[in-house]
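Chemist: Sequence:
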Amino acid sequence: MTLSNHSSTSRFLGLMGILTGGAVAIGGVLMAVLMAFSAPLRGGEAGLGGMALPQAAAMGALGLALGAVLAVEGVRWQRGIPAAPFHPRRVGWLWLAFALLLTAGTVASVLDAPPVLMALFHAPTLLLLPALVLSLVGGGLRGRGGSWSDVRGGLLSGALLGTGTALVIEVIMVVFLAVGLFALGLLPQEWLQQAPQALTTGEVPFPTGIEDLLEVLTPPLILVALVLVGGLVPLVEEVTKTLGVGLAGLWLRPSPARAFLLGVASGAGFALTENMLNSLFVGPTWGPGILARLAATVMHCATGGLMGWGWGQWWAGRRPWRLPLALGGAVMLHSLWNSCAVGLVLSGLIVLARADNLVWTGMAGLLMLALLAIQFLLACAVAVALLWASHRLGQR
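Numbering (my numbering), first residue to last: 188 to 583.
A portion of the hints provided could be inaccurate.
As the list claims (entries may be wrong) - With beta-carbon atoms standing in for the labels, derived distance ranges:
1) Asn544 x Ala286: 48 to 54 Å
2) Leu553 x Arg276: 43 to 49 Å
3) Ser194 x Val414: 49 to 55 Å
What the hints contain is simulated information worked out from the structure, not anything from laboratory work.
Just so you know, these numbers come straight off a predicted model, no measurement behind them.
From the three backbone atoms N, C-alpha and C, an ideal C-beta is built for every residue, glycine too.
Please model the complete structure; the sequences and the hints are all you need to start from.
Modeler: Written as structure tokens, this is what we have:
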């Protein structure tokens, strides 16, 4: 390929990146507006009250962020700018901004601030979470693991390809699982009968009261939830999260350090989308919810880095068996994390429903403390492992 042809291809790819980035940003903003004002049309509560506006702001911020990443990469391709090594410096302002937003948002949520104010704290804080983890990894690699372009590509791969593929597979699994549960009589048949009407009215066909939910949650259903959320979902997400890294290896043939950075960035992109879609915590639980999402972001980046390193070993051709080992380790970590989350939700429901029973409340409370301790230790362990791997790979 001649220089002129290569330049023409680069300019075309750059233009496509800019246009696609603009479309993603506009789509995110339109989706945010639709989410904010659709609740009154469905007969629900005010669309700008409760969770609707913070959730809509998060969706709009996600679209703008991904669109900006695409546009920046498109500009680089169009202008032929070389990719600089990924070694972020002076990142203290990120941590300062996060501390200020977390403090101000927590105070505002405790004081029951209006949704408009909470939306201003909510979306920027969630956007900072993957940036904080990537800054630490970049500092450990010291520019020897890849470029800013690799980070942008990994973010887009995890946020779009990884999340989109995982969502499609998980929806199919849930549909088949629900059909099986209805066929076995483990779910009330009236839920299935009310489902078509729920699609048009927006009303939830199953009970939302705590007592009613506990009556429906029989031991077989709890076991199915643990298998789904604690087993199948981690497997699907760990395979799809770094799918772009595996495909990129066909022509990149990345070194272990570069593959590790691509995996971490893919995990950060996956966590970014998941954080925005799961941002349904408001009120006094906002601060703890943000910290929980930070811990989940660290977990996703760590397992993504592990999978990325495994892909690097695969494409190096020297120890390809390390890829299935990396997948097994990532799935085990993710499975333990999700299982603890399911246990916390069930324990919380028991505490709320059996508040008048000291025995049940005490047992459920102890279980919640134990599960929180496990998640805290797991988050600390994966954070230390992530930093250690970054420094080791950065020294080679």
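Chemist: Does each hint fit the structure? Answer for all of them.
Modeler: Structure-based check of all given hints:
1. Asn544 x Ala286: 48 to 54 Å: Because 40 Å falls outside the window, the suggested range is violated.
2. Leu553 x Arg276: 43 to 49 Å: At 46 Å between Cβs, range holds.
3. Ser194 x Val414: 49 to 55 Å: holds, 53 Å
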